[in-house]
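Whole structure, please, built from the sequences with the hints as guidance.
Number of protein chains: 2
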Amino acid sequence: MEKLISVTDYLLIRLEELGIKDILGVPGDFNLGIVEQIEHDSRFHFISDCNELNASYAADGYARIHGISALITTYGPGELSAVNGIAGAYAERVPVLKITGGIALAKQKQKLPLHHTLLNGSYDQSLKIYEQITCTSGVVTFENPGVKIDELIEACYLYRQPVYIQLPQDVAKAMINPPGRKLNLQYPIKADSNILVKRIKEYLDKSNKPVIIVGDLVRSYGLQGFVKQLLITSCIPFVVSWAVKGIIDENLENYAGMYAGEFSLSVIQEFVESSDCILSLGMFNCEINHGEFTSRLDRKYLIDVQSDFISIADEYYDSNFADIIMQLKDYNSPAGIREVKHNPHYTIDYSSLPSSQIEHDHLIYLLSEFLQDGDTLILETGTMSFTAGYYKLPENVTVLSSVNWYSIGYALGATTGVSLAKTSGRTILITGDGALQMTAQALSAMLRYGLKPIILVINNDGYTIERAFLGKNSSYNDVQAWNYLGLTAAFGGDAHLAKVATPPELKSTLSQINSNSDKMWLVEVMMDKYKCPPALVKLAEIVANATTKLKNG
Amino acid sequence: MEKLISVTDYLLIRLEELGIKDILGVPGDFNLGIVEQIEHDSRFHFISDCNELNASYAADGYARIHGISALITTYGPGELSAVNGIAGAYAERVPVLKITGGIALAKQKQKLPLHHTLLNGSYDQSLKIYEQITCTSGVVTFENPGVKIDELIEACYLYRQPVYIQLPQDVAKAMINPPGRKLNLQYPIKADSNILVKRIKEYLDKSNKPVIIVGDLVRSYGLQGFVKQLLITSCIPFVVSWAVKGIIDENLENYAGMYAGEFSLSVIQEFVESSDCILSLGMFNCEINHGEFTSRLDRKYLIDVQSDFISIADEYYDSNFADIIMQLKDYNSPAGIREVKHNPHYTIDYSSLPSSQIEHDHLIYLLSEFLQDGDTLILETGTMSFTAGYYKLPENVTVLSSVNWYSIGYALGATTGVSLAKTSGRTILITGDGALQMTAQALSAMLRYGLKPIILVINNDGYTIERAFLGKNSSYNDVQAWNYLGLTAAFGGDAHLAKVATPPELKSTLSQINSNSDKMWLVEVMMDKYKCPPALVKLAEIVANATTKLKNG
Numbered sequence: 001m002e003k004l005i006s007v008t009d010y011l012l013i014r015l016e017e018l019g020i021k022d023i024l025g026v027p028g029d030f031n032l033g034i035v036e037q038i039e040h041d042s043r044f045h046f047i048s049d050c051n052e053l054n055a056s057y058a059a060d061g062y063a064r065i066h067g068i069s070a071l072i073t074t075y076g077p078g079e080l081s082a083v084n085g086i087a088g089a090y091a092e093r094v095p096v097l098k099i100t101g102g103i104a105l106a107k108q109k110q111k112l113p114l115h116h117t118l119l120n121g122s123y124d125q126s127l128k129i130y131e132q133i134t135c136t137s138g139v140v141t142f143e144n145p146g147v148k149i150d151e152l153i154e155a156c157y158l159y160r161q162p163v164y165i166q167l168p169q170d171v172a173k174a175m176i177n178p179p180g181r182k183l184n185l186q187y188p189i190k191a192d193s194n195i196l197v198k199r200i201k202e203y204l205d206k207s208n209k210p211v212i213i214v215g216d217l218v219r220s221y222g223l224q225g226f227v228k229q230l231l232i233t234s235c236i237p238f239v240v241s242w243a244v245k246g247i248i249d250e251n252l253e254n255y256a257g258m259y260a261g262e263f264s265l266s267v268i269q270e271f272v273e274s275s276d277c278i279l280s281l282g283m284f285n286c287e288i289n290h291g292e293f294t295s296r297l298d299r300k301y302l303i304d305v306q307s308d309f310i311s312i313a314d315e316y317y318d319s320n321f322a323d324i325i326m327q328l329k330d331y332n333s334p335a336g337i338r339e340v341k342h343n344p345h346y347t348i349d350y351s352s353l354p355s356s357q358i359e360h361d362h363l364i365y366l367l368s369e370f371l372q373d374g375d376t377l378i379l380e381t382g383t384m385s386f387t388a389g390y391y392k393l394p395e396n397v398t399v400l401s402s403v404n405w406y407s408i409g410y411a412l413g414a415t416t417g418v419s420l421a422k423t424s425g426r427t428i429l430i431t432g433d434g435a436l437q438m439t440a441q442a443l444s445a446m447l448r449y450g451l452k453p454i455i456l457v458i459n460n461d462g463y464t465i466e467r468a469f470l471g472k473n474s475s476y477n478d479v480q481a482w483n484y485l486g487l488t489a490a491f492g493g494d495a496h497l498a499k500v501a502t503p504p505e506l507k508s509t510l511s512q513i514n515s516n517s518d519k520m521w522l523v524e525v526m527m528d529k530y531k532c533p534p535a536l537v538k539l540a541e542i543v544a545n546a547t548t549k550l551k552n553g
Numbered sequence: 001m002e003k004l005i006s007v008t009d010y011l012l013i014r015l016e017e018l019g020i021k022d023i024l025g026v027p028g029d030f031n032l033g034i035v036e037q038i039e040h041d042s043r044f045h046f047i048s049d050c051n052e053l054n055a056s057y058a059a060d061g062y063a064r065i066h067g068i069s070a071l072i073t074t075y076g077p078g079e080l081s082a083v084n085g086i087a088g089a090y091a092e093r094v095p096v097l098k099i100t101g102g103i104a105l106a107k108q109k110q111k112l113p114l115h116h117t118l119l120n121g122s123y124d125q126s127l128k129i130y131e132q133i134t135c136t137s138g139v140v141t142f143e144n145p146g147v148k149i150d151e152l153i154e155a156c157y158l159y160r161q162p163v164y165i166q167l168p169q170d171v172a173k174a175m176i177n178p179p180g181r182k183l184n185l186q187y188p189i190k191a192d193s194n195i196l197v198k199r200i201k202e203y204l205d206k207s208n209k210p211v212i213i214v215g216d217l218v219r220s221y222g223l224q225g226f227v228k229q230l231l232i233t234s235c236i237p238f239v240v241s242w243a244v245k246g247i248i249d250e251n252l253e254n255y256a257g258m259y260a261g262e263f264s265l266s267v268i269q270e271f272v273e274s275s276d277c278i279l280s281l282g283m284f285n286c287e288i289n290h291g292e293f294t295s296r297l298d299r300k301y302l303i304d305v306q307s308d309f310i311s312i313a314d315e316y317y318d319s320n321f322a323d324i325i326m327q328l329k330d331y332n333s334p335a336g337i338r339e340v341k342h343n344p345h346y347t348i349d350y351s352s353l354p355s356s357q358i359e360h361d362h363l364i365y366l367l368s369e370f371l372q373d374g375d376t377l378i379l380e381t382g383t384m385s386f387t388a389g390y391y392k393l394p395e396n397v398t399v400l401s402s403v404n405w406y407s408i409g410y411a412l413g414a415t416t417g418v419s420l421a422k423t424s425g426r427t428i429l430i431t432g433d434g435a436l437q438m439t440a441q442a443l444s445a446m447l448r449y450g451l452k453p454i455i456l457v458i459n460n461d462g463y464t465i466e467r468a469f470l471g472k473n474s475s476y477n478d479v480q481a482w483n484y485l486g487l488t489a490a491f492g493g494d495a496h497l498a499k500v501a502t503p504p505e506l507k508s509t510l511s512q513i514n515s516n517s518d519k520m521w522l523v524e525v526m527m528d529k530y531k532c533p534p535a536l537v538k539l540a541e542i543v544a545n546a547t548t549k550l551k552n553g
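Respectively, the protein sequence lines represent chains D and X. Position one of the first sequence corresponds to residue 1 (our numbering), numbered consecutively onward. Position one of the second sequence corresponds to residue 1 (our numbering), numbered consecutively onward.
Worth double-checking, as some hints may not be accurate.
Pairs count within a copy or across copies, as identical chains cannot be separated in the list.
BS3-like mimics (lysine-lysine), calculated; alpha carbons at most 27 Å apart, straight line [to be verified]: (1) K109 x K128; (2) K128 x K148; (3) K300 x K109; (4) K128 x K111; (5) K21 x K182.
The set of hints was computed from the structure by calculation and includes no laboratory data.
Pasting the structure below:
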């Protein structure tokens, strides 16, 4: 007879199976039993963030690197503070296991008006809330708890979206059999997928100017390797969508740049939109990817491979993203591939830039010199995330940013998780003053656990990106003028600190960073209050035009 | 013909009517239009918190003092970061108008996959989420927008719970007639309420040992004046429930102490539970008020006046809390009132306390000397909130704390709103290190807007209250050792700072605070890591017993 284990043990076996080593969260009464168990389990570290929103961002960051993550909070206030972070992971297809230590079912049965409840006699509001922002949600009960846990975890893994797992205190301690099988992490193979793949290949075969868009789902599913193989074997020119910049080596000869409708360099937009066969691999259908809906991808030439469907010349079929990609990977173009003749990047003539003040062009130029193989560059939503897409990245450097949810403050929180999950290479964050203020205490968690990201805070005196849209000089776009470099000491930690106001200072500091990696770096980059990168100015114009069109018609 | 006004104007007229001067929130794309309008409206200040959770706590604090508040965030990430704060306001009946700047209906109609949306084709998840934690929720559309706004605001005011008002960008700008009438803020009068009140009076008349419990709804409905009148006129002895400590002057002769089942002083528990007519005025039916369900209020002697019902000797009737209270206020007891012979408070022999280290008793004793007429004492959930209830407060000092939602970090956020809303008297917060870390940047908002609360941070090296329950020495109950006194400077502000480790130091600092009120005070109070106040030790024991009972039966 097999030795029984607790339901918590069962869950932890599954987390180990998923390669999760760091469990993010915040302790709280209803999860203390689970957290106490993790405390004494050498397979895991419990990483306690200062608050649950930051922990949820950290879990998102961890999952974007490792492929999946676990976040544990308590029922009620704890889990409801994490709602925004999980919603973002849902929107951008990041698999986070949102685990809640729930109220003992025995207490629920008694209908006790317990603390952390809404005092309206029911306990299911959190579940209903999480149902809105997860691919599936459930409460683990005494009835087949192992089966329920497996179902939820497998859904998270296969759909690449968060799930909500509520584990009541008493169920967590119940004794059950250990897992009798491994988790089923095989992406479903649709019966007719080979027919679909055959059809895709036929379209590609007969096209004269095929192009591939490498989209967001490639990151979400972790299929970079397969896609790279397809791109190398087929030689088909490719572009990347906005938020997966760097996911495929930009030094490949067939790299044609970053595509986002009119937000692209016009030569790239033309290159993509003139294609007679656009194979789009998981590009999110979202505002930024379509350049505020200025993209003109002719659907009769478009093969759009999405998570659970595919459209070929505007006909729709059920399919699975991973299944299709894995079958496509060996495709070899028969002939007639367009050469990429255009420069897929903006280039910066650094010497011609004004040298008194740091502009976005200085920053991106110096960064491109600074970045190294294996680095992850996290960009907060803001001026820099609207700049970086246009410039060349060194080999094997990836950009990580929020492509659509755009929750300001996300990036600093996510940096905790990214730093934990990365097994090699550096984590570099560029954030802004307004954003940093949202989630500042994430620095404390990073200091506490000895993480050493390189953090550049653009101090441009408020929400510069919002100023581009409305209220250029309105007080609500100001933020309190913090002494950013005082934060790490106030948070009880030690970091390398620097404040730079001119390009030479920035250059010199970046060089110091390269030779001092023993501690976190926090660099305050002084920039003009109103200065927006060209792309953001364009975006503001396009948005303004779209609004006018909407008004007039 | 009346001049048309915008829907935003209409909303602002209503906020003015409610006496709201400070509108809490965070700017974000979908609310910029509204916020920009507030910017140029001299009737209001827009108070921008660093993040939405803190803003929601601030809105809760503002409403607990002023009676109602308004919180504006953007659709999507912004509003979802405020979920926990609004849930707490719902649980504890605090009327907050949660206003969301929503996506233009014209854009929603086009089904555009906009940023800040979940990319699943619908825009109603936030509404569905808020439906779980508000008394009513709605989207204002072009169809009778003024009527809809009034409905939602009136529901918030009358039910004393948050409502969710989503105002899409284009609706916000639509032109409508100004309000044709004032808001209807009259509590509904139930047809048979005079019969119910008559019956209550009969019960009181014939009882020998009546007692009144002044409960949480008195604070929620703002009916302190009426209840005080009842207590003075009737001379019936009264107790207060846990979270409304100080709401009625404790110097009244018929004050009998704080009641919370076995958490009460035993003489008080006996006094209440031996009564033959217990008139409970809006005591929340929650864990702490019942002393972890150790209260023994015989229902046949209980008259329980709740928000929308009343039970008399275990028979239930529809009613309205305010309606009942207002009719009861002149009740005059015929005779036979018990004298309160017991001391309704713990008393502290200060001279006998050890003088080397600050204990909770020192703190509460010195505070009771320190507090002045008009002060509001905010207690974070933690060791101090389980202490203060037992001690005597000076006249006209009220305690504000979360009675059931217990979201750690709440109190610092709420302090912003309380400081804004108070028209006289000081705001004093006692929080803990773990709690402060959750919402630390609330200090920034207070510094930005020149607020001057007196903040005492108990530094006892982590979650001492959690240690009392589980993981006495577990690392998850530790927090990063911050330099708390470095925070205000890091947040770009100026404050009086002090660190105290002994009772004489604390005493001396409190005296300095009394003579220097020009700036915020931040005082770090060093206390023992494991030291819990007696009440918390008792609570932990009762919880442990309850858990054992549950297990065994």
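Are the CA atoms of K128 and K148 at most 27 Å apart within a copy, between copies, both, or neither?
-> both (18 Å within a copy, 25 Å between copies)
How would you classify K300 and K109 at a CA-CA limit of 27 Å: within, between, both, or neither?
-> between (57 Å within a copy, 25 Å between copies)
Indicate which option fits the pair K109, K128 if close means a Cα-Cα distance not exceeding 27 Å: within, between, both or neither.
-> Both ways: K109 and K128 sit 19 Å apart in one copy and 26 Å across, limit 27 Å.
Identical-chain pair category, K128 with K111, by Cα at 27 Å = both (18 Å within a copy, 24 Å between copies)
Using 27 Å as the alpha carbon limit, work out where K21 and K182 are close: within a copy, between copies, both or neither.
-> Classified as within; 18 Å inside a copy, 60 Å across copies.
Hint violations for this structure: none, all hints satisfied.
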